[in-house]
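We have chain A; now place chain B onto it with these hints.
Number of protein chains: 2
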Amino acid sequence: MCPAPIIDNVDRGWVIPIGGAEDKVDDMTILRRFCQLCGGKKANILVVPTASQLDDTGPRYVELFEGMGATSKYTPINEREDCFNEDIIASLKEASGIFITGGNQLRLSTILGGTPVAKLIRSLNAQGTHVAGTSAGAAIVSEHMIAGGESGPTPTEDGVVMAPGLGLTNKVIIDQHFQQRDRIGRLLAALSYNPFVSGLGIDEDTAAFISPQGVLEVVGSGAITVVDPSELTYSSMAKARHHDAITLIGMKLHILGPGSKYDINTRTAIALINSGTS
Amino acid sequence: MCPAPIIDNVDRGWVIPIGGAEDKVDDMTILRRFCQLCGGKKANILVVPTASQLDDTGPRYVELFEGMGATSKYTPINEREDCFNEDIIASLKEASGIFITGGNQLRLSTILGGTPVAKLIRSLNAQGTHVAGTSAGAAIVSEHMIAGGESGPTPTEDGVVMAPGLGLTNKVIIDQHFQQRDRIGRLLAALSYNPFVSGLGIDEDTAAFISPQGVLEVVGSGAITVVDPSELTYSSMAKARHHDAITLIGMKLHILGPGSKYDINTRTAIALINSGTS
Numbered sequence: 001m002c003p004a005p006i007i008d009n010v011d012r013g014w015v016i017p018i019g020g021a022e023d024k025v026d027d028m029t030i031l032r033r034f035c036q037l038c039g040g041k042k043a044n045i046l047v048v049p050t051a052s053q054l055d056d057t058g059p060r061y062v063e064l065f066e067g068m069g070a071t072s073k074y075t076p077i078n079e080r081e082d083c084f085n086e087d088i089i090a091s092l093k094e095a096s097g098i099f100i101t102g103g104n105q106l107r108l109s110t111i112l113g114g115t116p117v118a119k120l121i122r123s124l125n126a127q128g129t130h131v132a133g134t135s136a137g138a139a140i141v142s143e144h145m146i147a148g149g150e151s152g153p154t155p156t157e158d159g160v161v162m163a164p165g166l167g168l169t170n171k172v173i174i175d176q177h178f179q180q181r182d183r184i185g186r187l188l189a190a191l192s193y194n195p196f197v198s199g200l201g202i203d204e205d206t207a208a209f210i211s212p213q214g215v216l217e218v219v220g221s222g223a224i225t226v227v228d229p230s231e232l233t234y235s236s237m238a239k240a241r242h243h244d245a246i247t248l249i250g251m252k253l254h255i256l257g258p259g260s261k262y263d264i265n266t267r268t269a270i271a272l273i274n275s276g277t278s
Numbered sequence: 001m002c003p004a005p006i007i008d009n010v011d012r013g014w015v016i017p018i019g020g021a022e023d024k025v026d027d028m029t030i031l032r033r034f035c036q037l038c039g040g041k042k043a044n045i046l047v048v049p050t051a052s053q054l055d056d057t058g059p060r061y062v063e064l065f066e067g068m069g070a071t072s073k074y075t076p077i078n079e080r081e082d083c084f085n086e087d088i089i090a091s092l093k094e095a096s097g098i099f100i101t102g103g104n105q106l107r108l109s110t111i112l113g114g115t116p117v118a119k120l121i122r123s124l125n126a127q128g129t130h131v132a133g134t135s136a137g138a139a140i141v142s143e144h145m146i147a148g149g150e151s152g153p154t155p156t157e158d159g160v161v162m163a164p165g166l167g168l169t170n171k172v173i174i175d176q177h178f179q180q181r182d183r184i185g186r187l188l189a190a191l192s193y194n195p196f197v198s199g200l201g202i203d204e205d206t207a208a209f210i211s212p213q214g215v216l217e218v219v220g221s222g223a224i225t226v227v228d229p230s231e232l233t234y235s236s237m238a239k240a241r242h243h244d245a246i247t248l249i250g251m252k253l254h255i256l257g258p259g260s261k262y263d264i265n266t267r268t269a270i271a272l273i274n275s276g277t278s
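In order, the protein sequence lines correspond to chains A and B.
The opening residue of the first sequence carries number 1 in this note's numbering; numbering runs sequentially from there.
The opening residue of the second sequence carries number 1 in this note's numbering; numbering runs sequentially from there.
It cannot be assumed that every hint is accurate.
Cβ-to-Cβ under 8 Å is the rule here; a few derived chain A residues that face chain B [to be verified]:
1) L37
2) G149
3) G152
4) F178
5) D203
6) A245
7) I249
8) G250
9) N265
10) A271
Label-pair restraints from in silico Cβ distances [claimed, not checked]:
11) L272(B) <-> M1(A): 35 to 45 Å
12) D158(B) <-> E66(A): 33 to 43 Å
13) R241(A) <-> E86(B): 30 to 40 Å
14) V215(A) <-> K119(B): 29 to 39 Å
15) N170(B) <-> Q36(A): 44 to 54 Å
16) M1(A) <-> D23(B): 40 to 50 Å
17) D27(B) <-> R80(A): 49 to 59 Å
18) E81(A) <-> A238(B): 52 to 62 Å
19) G40(A) <-> L272(B): 18 to 28 Å
20) N265(B) <-> R241(A): 30 to 40 Å
21) N265(B) <-> T233(A): 16 to 26 Å
The hints are simulated quantities; they were obtained by calculation from the structure and are not laboratory data.
Think of the CB as a built atom: it goes at the ideal place given N, C-alpha and C, for glycine as much as any other residue.
The following block holds chain A by itself, in its conformation from the complex:
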């Protein structure tokens, strides 16, 4: 699904996929920046812990955001019927930022998918509400979501499981815990099915802050691996047999450290040029 249309030329909200395991103890660089973006002490952040089946996931993020001076609460969305609840819908409308926690992304897609809550998150984001998601919450923000797959660098014919996501962006496919769980093969497999998007492999404690204009900035302690298949000249995916390794010729690859940027519309990478340590 394409992102919801904007109305009256207001800026969209930012979309912020996080690779999981973001720092919650020390500098909290990613969470703090999200909170600032949502208004700092005036922020009103709604936490959506649906992906998690742990009772303390929602309260923990609420405590962190409140510790930064923001107003925060979490929504008890555990079943599809909760997505029709008027109180929950009102809470979403009041929020300046929505934070989707980690867990199982198929819980997000199966519980939220097609409900008023999913539609509202899409339209609110188009009207300026910022949406961050970590781990499973990162996977769900794009139109096409990686739901599962195999570890390792080599893509295979059946190396990735795809599912529809929320569609806050249709310019990228996201994979998370990227360095830590060795996922470049499944990201390549996902891209080779239909090479119309860029692939973002986001390390843990690392986030892609995607601006309304579609320029993402790398924030956190790790890197984002960008795979751009726009110049792909050959893919064997269509004729591969089960389990076959896939031949892909002409991918572009950027490894982006903190501060680097990538324009998801023009597919241009820009390094952070600093003075260095020498």
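Only chain B this time, still in chain A's reference frame:
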């Protein structure tokens, strides 16, 4: 070190890095093709088991090559002084093919490096003797060898340990057990030190048969990941601090399945186009 010069315009021998764990039981596609290249039933294959510290490594390969009808023996090179032994030097000169086994590539570089045996393997390859190496034996064939490093997809400032290799080719850097041990990060780190070569990440039971003209063909059951940094526009390696993730912009990436080719001189990838299964 550059490859040794050719004499009287004879073709160089092939150079065949194998990703490790090549099939030794069923079709033995890779070993059989190497044996054919060396002359089939007229082949005389010398096995160099120096990397291994297991007594049966040499005899096992000898048995396999003899089972294909070739003549074969292995060299007992275990110390640097063995590399000055006249019998061993004579055996190398008689061989139509040299097979370097797996084990620890630092045993190969520290025992063979700079000795008459290393020089002879280089000059024999320039005069037409084919040289294959598996696992550690694959790492050693290039000018710059990956001796160790970290797993995972994201390259870091200290994510790879480099050492000089035999220098049978200086157009590629090789990493092996690529899919199985998740090594794209350390290959990217190796390339970012000096992006003048292509990187080959070779899966297990997969080989790069590199012709005298510098065209490699993928043989076996896995894939070869080719990373071409020739259009790299930015690398943060020079100013990265210890453990930092590295920013690299503009790498090209090809995933090559069996039958695909890559010209290491022109850096052109060519897919095997077959009729498919539909």
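Here is what the structure says about each hint:
1. Contact between L37(A) and chain B, as hinted, is not supported at the beta carbon level, the nearest pair being about 23 Å apart and thus beyond 8 Å.
2. The beta carbon of G149(A) comes no nearer than 14 Å to any beta carbon in chain B, farther than 8 Å, and the hint placing it at the interface is violated.
3. Because the smallest distance between the Cβ of G152(A) and any Cβ of chain B comes to about 5 Å, under 8 Å, the interface hint for this residue holds.
4. Interface restraint check: F178(A) against chain B, minimum CB-CB distance 6 Å, threshold 8 Å, status holds.
5. With its C-beta approaching chain B no nearer than about 6 Å, D203(A) sits inside the 8 Å limit, and its interface hint holds.
6. Taking 8 Å as the C-beta cut-off, the interface hint given for A245(A) holds, the closest approach to chain B being about 4 Å.
7. Interface restraint check for I249(A): the shortest CB-CB distance to chain B comes to about 4 Å, inside 8 Å, so the restraint holds.
8. This hint holds: G250(A) has a C-beta 7 Å from the nearest C-beta of chain B, less than the 8 Å allowed.
9. Given hint, N265(A) at the interface with chain B, is violated; its Cβ is 17 Å from that chain's nearest Cβ, farther than 8 Å.
10. The criterion of a C-beta within 8 Å of any C-beta in chain B is met by A271(A), whose closest approach is roughly 4 Å, and the hint holds.
11. In this structure, L272(B) and M1(A) meet the distance hint of 35 to 45 Å, their C-beta atoms being roughly 37 Å apart.
12. A beta carbon spacing of about 39 Å between D158(B) and E66(A) agrees with the range 33 to 43 Å that was offered as a hint.
13. At roughly 52 Å, the beta-carbon separation of R241(A) and E86(B) lies outside the given 30 to 40 Å, and the hint is violated.
14. Under the hint 29 to 39 Å, the C-beta atoms of V215(A) and K119(B), about 54 Å apart, miss the expected range.
15. Distance hint for N170(B) and Q36(A): a CB-CB separation of about 50 Å, consistent with the stated range 44 to 54 Å.
16. Distance hint for M1(A) and D23(B): a CB-CB separation of about 46 Å, consistent with the stated range 40 to 50 Å.
17. Distance hint check: the CB atoms of D27(B) and R80(A) are about 52 Å apart, consistent with the given range 49 to 59 Å.
18. In this structure the hint that E81(A) and A238(B) lie 52 to 62 Å apart at CB holds, the actual value being about 57 Å.
19. The hinted window of 18 to 28 Å between G40(A) and L272(B) is violated, with their beta carbons roughly 57 Å apart.
20. Distance hint for N265(B) and R241(A): a CB-CB separation of about 32 Å, consistent with the stated range 30 to 40 Å.
21. For N265(B) and T233(A), the hinted distance range of 16 to 26 Å is satisfied, since their beta carbons lie about 19 Å from each other.
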